[in-house]
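Undergrad: Residues per chain are reported as follows:
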Amino acid sequence: NAGVMQNPRHLVRRRGQEARLRCSPMKGHSHVYWYRQLPEEGLKFMVYLQKENIIDESGMPKERFSAEFPKEGPSILRIQQVVRGDSAAYFCASSPTGATHEQYFGPGTRLTVT
Amino acid sequence: AQSVSQHNHHVILSEAASLELGCNYSYGGTVNLFWYVQYPGQHLQLLLKYFSGDPLVKGIKGFEAEFIKSKFSFNLRKPSVQWSDTAEYFCAVNVEDMGRRALTFGSGTRLQVQP
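Protein sequences appear in the order of chains A and B.
Take the first sequence: its letters are residues 70 to 183, numbered as in my numbering.
Take the second sequence: its letters are residues 453 to 567, numbered as in my numbering.
Warning: the hint list may mix true and false statements.
When the alpha-carbon atoms are kept at most 20 Å apart in a straight line, the in silico EDC-like pairs for lysine to aspartate or glutamate are as follows [stated by the list, open to error]: (1) B:501 - B:537; (2) A:140 - A:155; (3) A:113 - A:155; (4) A:96 - A:121; (5) B:510 - A:126; (6) B:523 - B:506; (7) B:501 - A:126; (8) A:113 - B:537; (9) B:523 - B:467.
What the hints contain is simulated information worked out from the structure, not anything from laboratory work.
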């Protein structure tokens, strides 16, 4: 059973460009969580989605950031007009139910904004 | 809002030394507690978790953690570390009462084990 897949693993964008980060949950998992890790900090929750629904976006910045988890295909975290402060590692986790203890993490996408 | 503190940011030990990493959280209600490990170049893996019952929890690779409710602590221990334990360790909390699924993480402790 393949684990949580994230791509790309590394992404370089210039200021003002858009970044799209993809997350394919484990097979059979319908709940996805996105976390961001800034340098020298722990992971910070951003958003929790089920298929086609955003359940909790309390950690999402109010502007430029959006997330979706369509019926078919991976979950997408989209950052518009990136700035240097968006440089971070973005981790996705998935679970088969909404139970927190079953979150499995992907390898992360390291975004660098130049 | 709840928070998680990991007081040791960087720990250096020799092989066979004993390990204890501190974790304190700030919430008085029902919590679920976790320790994750991230080996160099790899993704986060769950080491152990506590929901209820015996406050001494055993995890993988010889790790254990003790939940002390009165101290709001969930310290990670290992009697004898190996070079392969070199990694970053994260404590995380979920506040069950609030009905949210998000994990709140500490800032991590980087463990370096010298051969």
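Undergrad: All hints are to be evaluated individually against the structure, with a verdict given for each.
TA: Hints versus structure:
1. B:501 - B:537: holds, 18 Å
2. A:140 - A:155: With Cα atoms ~28 Å apart, residue 140 (chain A) and residue 155 (chain A) exceed 20 Å; violated.
3. A:113 - A:155: With Cα atoms ~13 Å apart, residue 113 (chain A) and residue 155 (chain A) stay inside 20 Å; holds.
4. A:96 - A:121: Since the Cα atoms of residue 96 (chain A) and residue 121 (chain A) sit roughly 17 Å apart, the hinted pair holds (cutoff 20 Å).
5. B:510 - A:126: Given pair residue 510 (chain B), residue 126 (chain A) is violated - Cα atoms ~33 Å apart, limit 20 Å.
6. B:523 - B:506: Holds, at about 16 Å.
7. B:501 - A:126: violated, 25 Å
8. A:113 - B:537: Violated - the C-alpha atoms of residue 537 (chain B) and residue 113 (chain A) are around 24 Å apart, more than 20 Å.
9. B:523 - B:467: violated, 30 Å
In terms of the numbered hints stated before, the structure departs from hints 2, 5, 7, 8 and 9, listed from lowest to highest.
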